[in-house]
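Asker: Chains as they are written, first to last, in the working numbering: chain A, 1 to 234; chain B, 1 to 332.
Hints are computed from structural coordinates only; laboratory data are not their basis. Model, not experiment: these values are computed from the prediction. The C-beta atom is built at its ideal place from N, Cα and C for all residues, glycine as well. What you were told as hints is all true, and nothing was included just to trick you.
With a straight-line Cα cutoff of 20 Å, these simulated SDA-like cross-link-like pairs (lysine to any residue) come out:
1) B:Lys26 with A:Pro62
2) B:Lys26 with A:Pro63
3) B:Lys39 with A:Ile81
4) B:Lys2 with A:Val64
5) B:Lys2 with A:Ser83
Sample of chain A residues lacking proximity to chain B, with all beta carbon distances greater than 10 Å (derived):
6) Gln76
7) Lys157
8) Tyr165
9) Arg215
10) Asn221
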Amino acid sequence: MISNLNIIDEGAEFFEISRRNMLKVSAAMFSAPLAERVMSASPPAPSGVRSRDLTQPARTHPPVMLPVALNVNGRQFDVRIDSRTTLLDALRETLAMKGSKKGCDHGQCGACTVLLGGRRINACLTLAVMHDGEPITTIEGLSNGNPLHPMQAAFLKHDGFQCGYCTPGQICSAIGMLDEAQRGVPSHVTENLSVAAVPLTQQEIRERMSGNLCRCSAYPNIVAAIGDAAGVSP
Amino acid sequence: MKSFSFEQPATVQAAAASLATHADAKFIAGGTNLLDLMKLEIEAPTHLIDINRLGLDQIETTDDGGVRIGAMVRNSDLAAHSRIRIDYAVLSRALLSGASGQLRNKATTGGNLLQRTRCYYFYDTARPCNKRVAGSGCSAVAGFNRMHAILGASDQCIAVHPSDMAVAMRLLDAEVETINGSGVRRVIPIAEFHRLPATTPHLETNLRRDEMITGVKLPAPLPGRQTYRKVRDRASYAFALISVAAVIDASGERAQSARIALGGVAHKPWRVESAELGLSGATINVKSIDAVTDQLLAGARAYSDNDFKLALVRRTVHAAVAEILKNSPQWK
Chain A
1 MISNLNIIDE GAEFFEISRR NMLKVSAAMF SAPLAERVMS ASPPAPSGVR SRDLTQPART
61 HPPVMLPVAL NVNGRQFDVR IDSRTTLLDA LRETLAMKGS KKGCDHGQCG ACTVLLGGRR
121 INACLTLAVM HDGEPITTIE GLSNGNPLHP MQAAFLKHDG FQCGYCTPGQ ICSAIGMLDE
181 AQRGVPSHVT ENLSVAAVPL TQQEIRERMS GNLCRCSAYP NIVAAIGDAA GVSP
Chain B
1 MKSFSFEQPA TVQAAAASLA THADAKFIAG GTNLLDLMKL EIEAPTHLID INRLGLDQIE
61 TTDDGGVRIG AMVRNSDLAA HSRIRIDYAV LSRALLSGAS GQLRNKATTG GNLLQRTRCY
121 YFYDTARPCN KRVAGSGCSA VAGFNRMHAI LGASDQCIAV HPSDMAVAMR LLDAEVETIN
181 GSGVRRVIPI AEFHRLPATT PHLETNLRRD EMITGVKLPA PLPGRQTYRK VRDRASYAFA
241 LISVAAVIDA SGERAQSARI ALGGVAHKPW RVESAELGLS GATINVKSID AVTDQLLAGA
301 RAYSDNDFKL ALVRRTVHAA VAEILKNSPQ WK
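The shape of chain B in the complex, shown without the other chains (with noise of 0.2 Å):
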């Protein structure tokens, strides 16, 4: 691991200030990721932002009805949260299926939706990757890719987002709130937060040079069941081959609405909008889910050792579908 300077600073503002006057500075929350990536010289920025006595751990309720979770909040602590887990149970069971109880003691919300690929070519320092070293190719393309992305690649990365718990919070229509050191405040839509790679998959998300996550703000909660279903080579304790993030409402005969958002699929959490008009007001069945899962794998594009995902992504959702539908007479 490389040196570093390290502070602790007292306020969001200091913490915020301090990563704009570091040229290599970086902030440390849970660490679960960074130092990991800090062993293998991967990351190694030269000054370390320690912003675990800043706060931001609270879980409140907005004025519309929804939730503001601090940027510090553990990913235990939110998927235990009281509110959560009944209003928001599709997050509770996506940051459930991550992870290990001793990891999520200590990851951050903030720090989960930055979290880095885990491609094992980027992993692996002997070996080219565009999003570790820009520009000196990609070794999954022609590797062995059977993690990798269906959706939304290049040429230059087929890596895919690591996180459960940024799929449901794409699926919720989640905001990302973040402070730059001049004190300046930004919302950010999670569906523009994280970057498909195209040329730059080293650049991952939208947040800019000098922006600190501070929270995530969940709209009030959506009416219907929820559901997220991983699908993994262990039972437990392994990241995703694809999930489903899934919410129906189907109190009456006909389905008033549904939402499904894909992970372990792309650079980043896939939801497609247009996809799920088709099911509202629509009697779901396993036509229609079809119709939908069509439109999500629109322009899908497998490699040479992931092509099941698409048969999965498939079964997947209608699995997720049957799981809350299970007692209706309109799935058969």
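Only chain A is shown next, with the shape it has when bound in the complex (with noise of 0.2 Å):
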């Protein structure tokens, strides 16, 4: 693979050949793993398996559709939504708003954080028709007219990001955090429980925000746009 790259390097005419050669590389790679799979696919599935005849119909569940006014960035969108919609599908798919990320689906990665009623959650792991009337911002609703919103700016700054995909939750996450901190909610860090005001320190910032993983770790740009923000001398 490595001799593929640099092969890449020296030249176009050699690309070709170099893709190529490298998904040949990859399907071989893939192939073995895929046809053991297969085999042990077949012998008969272990009793704890769910399993159905296929020349049988799939017993059906007719999806449920229920109104729902959502209430996004000011806005309020009177939509009819399949009851099972997570708050995430209904934001990215229903009312096409992609700013909010669908990193792992599973409430772990914090890339789908978005504010509700001024709280951050996993968008991801609630649904949709739980929360009419209420209100949400998404990344699309921070800058609330200006150009950027301080955080935006502070990420911008300090270049606490790479591939961008963990970015719009990594900010709506840290807007949440920072009105966590204000109203004095303490952190597994937090030294004094009893003390009513936790200073924002960068260790505080880095538990109050291992709820969003960034893969291309640019975790200490990250801690520095928000202490930025948040007027903590690094």
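Join these two chains into a complex; the hints should help.
Answerer: Here it is as structure tokens:
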């Protein structure tokens, strides 16, 4: 693989060849484990595995469609959606607001973080129908008519991202987090729980932001951006 | 996800009554565990009862000087409440050590008690699991079992309860308050709330089919200092390998009383009251803490990948006690 990359550097003429070679390598790499997997799947499934007779039609579960008034970034959207729709899918697919990102879809990565009544939540782990009329703020609504929200400006200033996929969640989470800190909400690293005001140190920012993963590992710059926006000296 | 009908009842009584009339209904509170499991079709309710508009979100002082925590109080609000931070610090600490800021803003007191295990075989629908499909077998006993139980397990299930909050509540002798569809209320001591797996690992609590948690009552605060020490694979946002909740009243030369509860070791928070008797009136030292830990670990059995937990419990109990007694002359 490394030699292929070297060929790519040498010129466009070799690019097609090297790309084709890479595809072949990739196919070889993935076909063997796949074959093994298919073979290992052929013995009868263990008794705990749910299986279905494929000659019979699947038991149907017709969707349940419900009306819901979504209040997003100060605008009300009256929509009719499947009860199963997560808030994240409603934002992205129904309202076409693609700013909130789907990473893991299981509440582990924080890319879907939005503000619900000002509090940060994972939009992937809640249902849209549970939030009829409740004020939701997404990355699209933060600037409130201004070019940028101060937190967005701080992320730009400190280069708090690389690929940018986790960034809307990081920024919404950071805004919710600063509000929590201002309200005196303690964290795991807060030494004294009996003090009402919690000083927001770098260590506090890191702990409080642990629900937002960045696979590019832009963490130092993210912490710097949040610290700057919060007025914490580095 | 399987489709489901959905309702938002306006009263606690209506919510409890609805549960009684729908065969496959579930309450949805924070949803942070239920929706996770519904996406994988490990949970597949045909009717969801949204209990987010019922109130049950207050923390009140009770007549005996304790507190009543509404079932819908969010984990973040409970951890940040001034009374909890000062009088029940172990509970604040336990809550703050779990999940992420986003999840704590959603997760509720009642829901946290009912969260399901994070055993990877429970989540892996391609593998047998007695908890997921009763009678199908346990993949963890002979599988990768680093996170699993060392106490109170059975050959049918070695999963652990994932909650930090419940460990602190066990230490504090909390009581779980419920109501059923007919309006009958019941109080369940936390010690009797969660079950050991035995031959029915799919039954995790003694909550009855038609019961709803309305709140959790904490008795008057305990004297002494409290701590919650959690050991995990990451410094933040990870489930416990093991955890220790402790409270020690050592205001005088000798300890007046001490309680210790363990998390991450069993299908329920683990506490052995008889072991704590050895600490009342006795000088707390390395030897006496070791003796108590011996009793906490009586009957412990490790599996292929989790024998480290035996030593880790002992060391973490010592570290928790040392943290409480760091300025005390009796702990050297």
